[in-house]
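Peer 1: Single-letter residue listing:
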Amino acid sequence: MSVETILVFGEGDEGSPSGLTLELLAAARGLATNVEVFVAGDGAAMAAELGAHGATKVHTTGSLDGKLMGVHAAAALQAHLETSSPDAVFFGQTPDGRDTAARLAVRIDQPVVTNNVGASIEDGTLVVEEPVFGGTQNVFTAFRNDGPALAMFRPKSFEAEATGGAEAEVVAVDAIDPGPAGSASVTGRHVEERSGPQLDDAEVVVSGGRGLGQPEAFEMVDELAGLLDAASGASRAIVDAGWVPYSKQVGQTGKVVKPNVYVACGISGATQHLVGMKGSKHIIAINKDPEAPIFGVADLGIVGDVHKVIPALIEALKSR
Amino acid sequence: MKVVVCVKQIPDPALPGELDPTTNYLKRDDKLILDESDSYGVEMALQLVEAAGGGEVSLVSMAANGEVSGLRTALAMGAEDAVLVSDDALAGSDALGTARVLGAAISRMSPDLVLAGVESSDGYTGTVPEMIAGVLEMPSITFAKKIEVDGTTVKVQRQTEAGYDDVECQTPALVSVTAGVVEPRYPSFKGIMAAKKKPVEELDLAALGVDAAAVGQSGARQETVRVTEAEERQAGEVIEDEGDAHDKIVEFLGELKVV
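Sequence lines, in order, name chains A and B. Letter 231 of the first sequence, counting from 1, is numbered 231 in our numbering, and no numbers are missing. Letter 162 of the second sequence, counting from 1, is numbered 162 in our numbering, and no numbers are missing.
A few of these clues could be false.
Unchecked claim - Pairs of lysine-lysine residues, derived as DSSO-like cross-links and limited to a Cα-Cα distance of at most 30 Å, are as follows:
(1) 308/A to 248/B
(2) 2/B to 281/A
(3) 258/A to 155/B
(4) 248/B to 2/B
(5) 67/A to 248/B
(6) 288/A to 257/B
(7) 318/A to 145/B
(8) 156/A to 257/B
(9) 2/B to 197/B
(10) 258/A to 145/B
(11) 281/A to 257/B
(12) 318/A to 197/B
Said to hold, decoys possible - Part of the chain A face toward chain B, derived, beta carbon under 8 Å:
(13) 62
(14) 64
(15) 183
(16) 316
These aren't lab readings, by the way, just hints derived from the structure by calculation. These numbers come from a predicted model, not from an experiment. Glycine residues also receive a C-beta, built at the ideal position from the N, C-alpha and C atoms.
Please work from the sequences and hints to get the whole structure.
Peer 2: Next comes the structure, spelled out in structure tokens:
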């Protein structure tokens, strides 16, 4: 069973749609006969790639001239929804996706259901799936509203897949002035220097947690990551403590990773962290507490001192 | 400067959570505590008022059973007073219903700045702050790691996937604060004693002028159709390090063809 049209809120930069946007297109294609994209920004530059992933149209506002996206995107989306009536609008669980969905919900008085990892159509209605309690249970929610179903999805919930479709038709959407509520402006951008594999798509991730004991010990996590051609990640505890930047955080409030191998060093495995990494194919954990919950999900668990095991592992890898 | 901080009182996250088998709502039978995510908003508000050379930090919260113990923690940190919205009709409210209620409460308080955590530790929708700004028709900046107020201009470092953006807007505005960006102060003994006497105004929906049909389960317009147990990931081999665990890891990585 399928519905007619699903609109995907598309994000990306420098003319490329984000991986999450392409994932949402794949999910929407499985549920609807027609999939379109709405971009608050330069959607025209993304039209070819969006089309190749099955979008028929890209509705685009063009540049927002440095305004913070949410309020402006929601105002333009509201105007768009007055002339078009998709069955659902899919958002990625990103900062701008959340802002836009939240503002839109208030403007059109429709509920948003967040944190989903799955979707289906049951009796003609969208039903979304949200993992709760660290992914031990799944809650399935059906929309019972009389407007579009606004649903937000976590990254890596679906596999992006190109269909080889033609370039999406570009439809210009009028920008709407949201008044003083839309006054927030971006005055500068700061991009942290990133080198080597990125957390999002690395084959191997090596993460460190509180068990490292001190900030300097994260250097050995980085060194081990370098030897394995891996990205380094971190638990929320050491991000909150200021040892490493937020961009390295793996977990509910950070990134969701699904690498081939995940190596958890000195991470106890709080629910918050497990949510972000337990979809990894293989998990290796090193922790001194044999009762640590991380061992419940590890394929290979080492009960030991990270300060002994990791240096020995680094030496062993170097000597190969 | 008047700052209102949204705070949520939640079941202790250290205890295992449970859904009510009849309603599928999160069980909130035990004592509720101040959500740690909100302690950063409270701390940020106190610091901003100190930096501004004076002002007042007020709290706003919504809880179905008149719960105040989490509010007392934030009052003990230094907030002046609190508004608690409590009404049986609120059970089952979603993010939008919650934002309508908190927005109605905040609009009576006429703040220069509204602060909230980015997301709660129990529901973590991460949408309520932005919805409140929508209800109040205020500008907003989410995911703040640093906030500076200069006259009527709010300057924020907003966390992004790649680093951070400098974002600014005019007051009155709402800013959501990322966890971990300030060190929440421990309430002093004096603070704890003083908090017991600080005013907590309790309001119901009628007092706020919010339609009960727009909140609670009926306002949420969504239905939990089923709850399933997730497939558990099987634990593998756990070994004690006796000086050679690194060999075991290398061997495992070899099997996976990573080395």
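Peer 1: Next step is simple, just say for each hint if it's right about the structure.
Peer 2: Cross-check of the supplied hints:
1. 308/A to 248/B: The hint holds at about 14 Å.
2. 2/B to 281/A: It is violated: about 50 Å lies between the C-alpha atoms, which goes past 30 Å.
3. 258/A to 155/B: violated, 36 Å
4. 248/B to 2/B: violated, 59 Å
5. 67/A to 248/B: violated, 53 Å
6. 288/A to 257/B: holds, 27 Å
7. 318/A to 145/B: Between residue 318/A and residue 145/B the Cα gap is close to 39 Å, so the pair fails against 30 Å, i.e. violated.
8. 156/A to 257/B: holds, 24 Å
9. 2/B to 197/B: holds, 21 Å
10. 258/A to 145/B: holds, 27 Å
11. 281/A to 257/B: Measuring from Cα to Cα gives roughly 13 Å; hence the hint holds.
12. 318/A to 197/B: violated, 64 Å
13. 62: Violated. Min distance 20 Å.
14. 64: violated, 13 Å
15. 183: holds, 5 Å
16. 316: With a closest approach of 5 Å, the residue 316/A hint holds.
This entry does not satisfy hints 2, 3, 4, 5, 7, 12, 13 and 14, going by the numbered hints stated previously.
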